[in-house]
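*Asks:* The chain contents come next:
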Amino acid sequence: MDYYKMSAAEAAGALQNKEVTSQELTASVLRRIGEVEEEIQGFITLLDENETLLEAEKIDKARASGESLSLLAGVPMALKDNLCTRGIPTTCASKILRKYRPPYDAHVVEKLKETGTVLVGKANLDEFAMGSSTENSAYYTTRNPWDTTRVPGGSSGGSAALVAAGEVFFALGSDTGGSVRQPASLCGVVGLKPTYGLVSRYGLIAFASSLDQIGPLTRDIRDCALVMDVIAGHDPRDSTSVPREKENYTDYLGRDVKGLKVALPRDYFEEGINAEVKKVVMEAVRKCSGLGMEIEEVSMPYTSCALPAYYLVATAEASSNLARYDGVQYGYRAAEAKNLLSLYKKTRNEGFGPEVKRRIMLGTYSLSSGYYDAYYLQSLKARTLIREDFQKVFENYDFIVTPTSPTVAFKAGEKTDDPLTMYLSDICTITANLAGVPAISIPCGFVDGMPVGLQVLGRPFDEGRIFQFCYALESLLGVRNQLPEVNVKRGG
Amino acid sequence: MSVSRKEVEYVASLARLDLLPEEKESITQQFNVILDYIQRLKELNLSGVEPTTHVQQLKNVFREDRSEEKGRELLPEVLEEAPDSARGLFKVPPVIEEES
Amino acid sequence: MSHEYEIIIGLEVHAELQTKSKIFCSCPNSFGQKPNTNVCPVCLGLPGSLPVFNESALDLALKAALALNCEISTFSRFDRKNYFYPDLPKAYQISQYDFPVARNGYLDVVKEGETIRRIRIDRLHLEEDAGKLQHDPSGSSSYVDFNRCGVPLMEIVSAPDLRSPEEARLYLESLKRILLYTGTSDCKMEEGSLRCDANISLRPVGSKEFGAKVEIKNMNSFKAVQKGLEYEVYRQEKLLREGERVYQETRRWFEEQGITLEMRGKEEEKDYRYFPEPDLPPLNITAERVRKIRELLPELPVQRASRYIEEYQLTPYQAEVITSSQGLADFFEETLKGYRDAQKVSNWLLGDVLKLVNEQGGEIGVLSFQPVHLAELLSLLDEGVISGRTAKEVLEETFQTGKAPREVVQAKGLVQISDEKSLLNVIDKVLAENKGAVEDYTSGNKKALAFLVGSTMKHTKGQANPQLVQQLLRQRLDG
Numbered sequence: 064m065d066y067y068k069m070s071a072a073e074a075a076g077a078l079q080n081k082e083v084t085s086q087e088l089t090a091s092v093l094r095r096i097g098e099v100e101e102e103i104q105g106f107i108t109l110l111d112e113n114e115t116l117l118e119a120e121k122i123d124k125a126r127a128s129g130e131s132l133s134l135l136a137g138v139p140m141a142l143k144d145n146l147c148t149r150g151i152p153t154t155c156a157s158k159i160l161r162k163y164r165p166p167y168d169a170h171v172v173e174k175l176k177e178t179g180t181v182l183v184g185k186a187n188l189d190e191f192a193m194g195s196s197t198e199n200s201a202y203y204t205t206r207n208p209w210d211t212t213r214v215p216g217g218s219s220g221g222s223a224a225l226v227a228a229g230e231v232f233f234a235l236g237s238d239t240g241g242s243v244r245q246p247a248s249l250c251g252v253v254g255l256k257p258t259y260g261l262v263s264r265y266g267l268i269a270f271a272s273s274l275d276q277i278g279p280l281t282r283d284i285r286d287c288a289l290v291m292d293v294i295a296g297h298d299p300r301d302s303t304s305v306p307r308e309k310e311n312y313t314d315y316l317g318r319d320v321k322g323l324k325v326a327l328p329r330d331y332f333e334e335g336i337n338a339e340v341k342k343v344v345m346e347a348v349r350k351c352s353g354l355g356m357e358i359e360e361v362s363m364p365y366t367s368c369a370l371p372a373y374y375l376v377a378t379a380e381a382s383s384n385l386a387r388y389d390g391v392q393y394g395y396r397a398a399e400a401k402n403l404l405s406l407y408k409k410t411r412n413e414g415f416g417p418e419v420k421r422r423i424m425l426g427t428y429s430l431s432s433g434y435y436d437a438y439y440l441q442s443l444k445a446r447t448l449i450r451e452d453f454q455k456v457f458e459n460y461d462f463i464v465t466p467t468s469p470t471v472a473f474k475a476g477e478k479t480d481d482p483l484t485m486y487l488s489d490i491c492t493i494t495a496n497l498a499g500v501p502a503i504s505i506p507c508g509f510v511d512g513m514p515v516g517l518q519v520l521g522r523p524f525d526e527g528r529i530f531q532f533c534y535a536l537e538s539l540l541g542v543r544n545q546l547p548e549v550n551v552k553r554g555g
Numbered sequence: 044m045s046v047s048r049k050e051v052e053y054v055a056s057l058a059r060l061d062l063l064p065e066e067k068e069s070i071t072q073q074f075n076v077i078l079d080y081i082q083r084l085k086e087l088n089l090s091g092v093e094p095t096t097h098v099q100q101l102k103n104v105f106r107e108d109r110s111e112e113k114g115r116e117l118l119p120e121v122l123e124e125a126p127d128s129a130r131g132l133f134k135v136p137p138v139i140e141e142e143s
Numbered sequence: 276m277s278h279e280y281e282i283i284i285g286l287e288v289h290a291e292l293q294t295k296s297k298i299f300c301s302c303p304n305s306f307g308q309k310p311n312t313n314v315c316p317v318c319l320g321l322p323g324s325l326p327v328f329n330e331s332a333l334d335l336a337l338k339a340a341l342a343l344n345c346e347i348s349t350f351s352r353f354d355r356k357n358y359f360y361p362d363l364p365k366a367y368q369i370s371q372y373d374f375p376v377a378r379n380g381y382l383d384v385v386k387e388g389e390t391i392r393r394i395r396i397d398r399l400h401l402e403e404d405a406g407k408l409q410h411d412p413s414g415s416s417s418y419v420d421f422n423r424c425g426v427p428l429m430e431i432v433s434a435p436d437l438r439s440p441e442e443a444r445l446y447l448e449s450l451k452r453i454l455l456y457t458g459t460s461d462c463k464m465e466e467g468s469l470r471c472d473a474n475i476s477l478r479p480v481g482s483k484e485f486g487a488k489v490e491i492k493n494m495n496s497f498k499a500v501q502k503g504l505e506y507e508v509y510r511q512e513k514l515l516r517e518g519e520r521v522y523q524e525t526r527r528w529f530e531e532q533g534i535t536l537e538m539r540g541k542e543e544e545k546d547y548r549y550f551p552e553p554d555l556p557p558l559n560i561t562a563e564r565v566r567k568i569r570e571l572l573p574e575l576p577v578q579r580a581s582r583y584i585e586e587y588q589l590t591p592y593q594a595e596v597i598t599s600s601q602g603l604a605d606f607f608e609e610t611l612k613g614y615r616d617a618q619k620v621s622n623w624l625l626g627d628v629l630k631l632v633n634e635q636g637g638e639i640g641v642l643s644f645q646p647v648h649l650a651e652l653l654s655l656l657d658e659g660v661i662s663g664r665t666a667k668e669v670l671e672e673t674f675q676t677g678k679a680p681r682e683v684v685q686a687k688g689l690v691q692i693s694d695e696k697s698l699l700n701v702i703d704k705v706l707a708e709n710k711g712a713v714e715d716y717t718s719g720n721k722k723a724l725a726f727l728v729g730s731t732m733k734h735t736k737g738q739a740n741p742q743l744v745q746q747l748l749r750q751r752l753d754g
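Chains as they are written, first to last, in the numbering used here: chain A, 64 to 555; chain B, 44 to 143; chain C, 276 to 754.
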């Protein structure tokens, strides 16, 4: 049976009812991987199949012996390849970390191991999570399961494509400016960027530390809530992880949404938003009133300065975070460097791809003496205005709804020559990172057979009610767990 | 406002990137496009606005002063990743050479 | 030194803080381990690792700052200082730039008990230490040991207030004393837990403008700081006299050759691209925290010394030497609890006691010789139980064995004979044996008395009280 088509919650339920074993679930996704992976190219590292099955067997044995297991125990999943896994290559899709095996597990990896989920492999991404299409991976571009001539989005494009193609039940990604939500939108799955500080970043290889958050990519809202139940929570190893009582997110599912207020910021429906996409999103929004929700247009005037502010903050932090890749302690080292300076320069120039170098350069420039005040400091101030925009809206509204991406998935190669146009595909998602608020993308319809995502933003730490709203909307729209027919051209 | 190739070279040396001539050219061009877009920020009146360095309200996040040894256990895995090492030390090309 | 030029010196001191663990991870803050064994993902700067700030590092830095009369910042934060060097695993150092934990302090420089200058302290900030490089003697490779990475440091930056190399050394000595007193750093220059860089410039006397500032590194002792600066004064003065220019640069002190040389490469760029460390939330240092730390602050050397001068009438020199080490000053005060004459305690402490301490190579207070012992010894002297000479013998014995002086005196039979009756018996015997001397004395040769005293002392094996012997002899002979 094609178990891989089930959602993670359904699979978990079947495991609990002993209708299926973890080995069968794992075998099912491994078969699916055998069928479609050559076409999708979502994995950078696929773990040895026998070992993956052995992991599944362990869980089955534990279950058979009557051990009490977590809900997701035995469910196969994937991790974005910027999450540290002890002894398993963690490359960030970069040549500079080719074959790098960290000596420790990320916090979220520990949590998933404790839960007993089964790791199938490490997912492709744009190099160091910098990009919106996975075309910046040093290894290969992942293809969108809905149309393999198109990109899956990025940077967590591998994670999104694997979930959409049925190669895993869920995956983790990371989101710095939309890197979970935009590929979720382009691949027709659910993707959440949690409130900054809700999920520990310990072991997430940093791109921009003040913006990065780890989030789940799943087939529906329930799965998303289930994964958050596992990975959210305070971790003393991350100083920005917020100590607060642990919530049970699945508790919010099915609660009434009547009377909750939705803000529609007109600023997100203007610049560069594809008319068809806008139409699909607006139709979905209109349906919310059928749920008894109030919907009103609002203005968030500083939205237009979000993209410049984002690129300055993100690149400045990245230039510093990526300085450690210098060929001394781990990773790639250029051959034949006669002295230290040439070792640094050659290693870094050969090890990083063009987009990463471009961003390191921009960040270094904006921090360098003479430009700090003009660029970096200005961007921090603009960040304050953007945060205040959100605070004002959330005084009167529970949620903000926008499109996730201005367009549906674009063709591979379409935007690679023009960095600025590529940056514009993040226009709707970056504000949530700048303001630190939670934001989710859920499928809301199709344009030309390609999925369209709707973004819901909420108050800090209001993930529970975001799930409450999106769960209702998801049933109303009937868009959960839709898997495309992957058109297998090669192999298979 | 535009960035010169010389500035790009200076920034590349700060970032320890040995850019090829064509990379310098394309980055100079792209820099100018991006910086032009970033000029939008200049249109805002930001005087008196406090910069946001940390998006949360967290303050005083401390660790208790307790020690725990991990190094001995970790060392083999760490050294195995080293491009070059000897006697438990990371080996690099001579540092002195650069200074003199 | 120069009369034509005024010397302007500022010092940057790095002191390791005496915490149990490192500043941003739980690796032990210890010295001398096998290379790369005292490390973890955080201090190795491995991808994905994050820093968490050690609260003790803050409290120790605040303690030092208060002892240096600094204003404590209410708001403080960490910044990243970006530069590439193999001993810096993240290629940035977590440090503090525009919001250090403390500013605007001062330190009184003391010479032979007199405060000679008040030196302003610009700032005190926290940062992490880097690793260590070793160089292949053949020059073909260098090697990195990351053990020291993440050891907590405070950087203490003085204003350019020092006016001579000697003052610079005295400032360092005063600073070290304060850090030792407050228990914030062990200040071992030989282990690198205290390091000093100096900025020096010269300007014509009367000029308001500063000359080109030269930074000097690699001075590994207080003497080296003074010598390095003296050399630099000589070098810069010579250049200026000859009408040449002094260049702003970094120079390295070479101890053996006694010269400084320009360090090329280091100067290349100082564009550190500081920006706020996003991985560490800022600090809000409350008045309550400052109050608690202030309560823990011990009396500082300068305060203590002036109290000694006032309360115990010590000379400034005595007061300075005693307060130069906290252990010695504590010993002094503890002794006074059992014996009141501060002058005598001071004399013995600075004389015979310190001599023995130095011979034994230990630390006062830690050795088996305790304040009660000194108090007891001095009391025995006052009571006339032992003579001054015997006291020194007893002192040495107590130092060796840790036995109380009274015990030593008794066990060894060193009690001075002060019993008149038994002394008179001896004296009568001596007089009978030395008729000649008695005749000399009665015929007016008073020197004969000294001979008779000596003979009596010999008979008692030195245990007689000499004053009493003399008195009793006079009674017999004159009476």
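Keep in mind that the hints were calculated from the coordinates and are not lab data.
Any given hint might turn out to be false.
Simulated DEER-style distance windows between Cβ atoms [said to hold, decoys possible]:
1. Ser-405(A) <-> Arg-393(C): 44 to 54 Å
2. Gly-476(A) <-> Ser-413(C): 48 to 58 Å
3. Glu-357(A) <-> Ser-90(B): 31 to 41 Å
4. Glu-123(B) <-> Pro-306(A): 57 to 67 Å
5. Glu-111(B) <-> Asp-657(C): 48 to 58 Å
6. Arg-393(C) <-> Leu-101(B): 37 to 47 Å
7. Glu-524(C) <-> Ser-405(A): 23 to 33 Å
Below are the BS3-like pairs computed for lysine-lysine, each with C-alpha atoms no more than 27 Å apart in a straight line [what the hints assert, rightly or not]:
8. Lys-407(C) <-> Lys-113(B)
9. Lys-67(B) <-> Lys-158(A)
10. Lys-338(C) <-> Lys-134(B)
11. Lys-102(B) <-> Lys-309(A)
12. Lys-545(C) <-> Lys-67(B)
13. Lys-483(C) <-> Lys-451(C)
14. Lys-102(B) <-> Lys-409(A)
15. Lys-102(B) <-> Lys-49(B)
16. Lys-455(A) <-> Lys-102(B)
17. Lys-162(A) <-> Lys-102(B)
18. Lys-492(C) <-> Lys-102(B)
19. Lys-451(C) <-> Lys-134(B)
20. Lys-502(C) <-> Lys-49(B)
21. Lys-162(A) <-> Lys-134(B)
22. Lys-401(A) <-> Lys-338(C)
23. Lys-309(C) <-> Lys-113(B)
All C-beta atoms in this analysis are idealised placements derived from N, C-alpha and C, irrespective of residue type, glycine included.
*Asks:* Tell me if the straight-line CA distance from Lys-502(C) to Lys-49(B) falls inside 27 Å.
*Replies:* Between Lys-502(C) and Lys-49(B) the Cα gap is close to 43 Å, so the pair fails against 27 Å, i.e. violated.
*Asks:* Is 31 to 41 Å a correct range for the gap between the Cβ atoms of Glu-357(A) and Ser-90(B)?
*Replies:* holds, 37 Å
*Asks:* Decide if the proposed pair is consistent with the structure: Lys-451(C) and Lys-134(B), CA atoms, cutoff 27 Å inclusive.
*Replies:* Given that 27 Å is the threshold and the Cα spacing comes to 36 Å, the pair is violated.
*Asks:* Has the given pair, Lys-401(A) with Lys-338(C), been kept, meaning a C-alpha gap of at most 27 Å?
*Replies:* Since the Cα atoms of Lys-401(A) and Lys-338(C) sit roughly 47 Å apart, the hinted pair is violated (cutoff 27 Å).
*Asks:* With the threshold set at 27 Å, check whether the alpha-carbon distance from Lys-338(C) to Lys-134(B) stays at or below it.
*Replies:* Violated, at about 39 Å.
*Asks:* Checking one constraint from the list: CA of Lys-492(C) to CA of Lys-102(B), max 27 Å. Satisfied?
*Replies:* violated, 36 Å
*Asks:* Given the hint that Lys-483(C) pairs with Lys-451(C), does the C-alpha gap stay at or below 27 Å?
*Replies:* violated, 31 Å
*Asks:* Need the status of pair Lys-67(B), Lys-158(A): alpha-carbon distance at most 27 Å?
*Replies:* holds, 21 Å
*Asks:* Sort out whether Lys-309(A) lies within 27 Å of Lys-102(B), counting only the CA atoms.
*Replies:* Cα-Cα ~21 Å, so holds.
*Asks:* Taken at face value, is the distance from the CA of Lys-113(B) to the CA of Lys-309(C) at most 27 Å?
*Replies:* holds, 13 Å
*Asks:* Could you grab the alpha-carbon distance between Lys-162(A) and Lys-134(B) and see if it respects the 27 Å cut-off?
*Replies:* Between Lys-162(A) and Lys-134(B) the Cα gap is close to 20 Å, so the pair holds against 27 Å.
*Asks:* If I claimed the Cβ atoms of Ser-405(A) and Arg-393(C) lie 44 to 54 Å apart, would that claim hold in this structure?
*Replies:* holds, 50 Å
Hint check: violations occur at hints 4, 10, 13, 14, 15, 17, 18, 19, 20 and 22; the rest are consistent with the structure.
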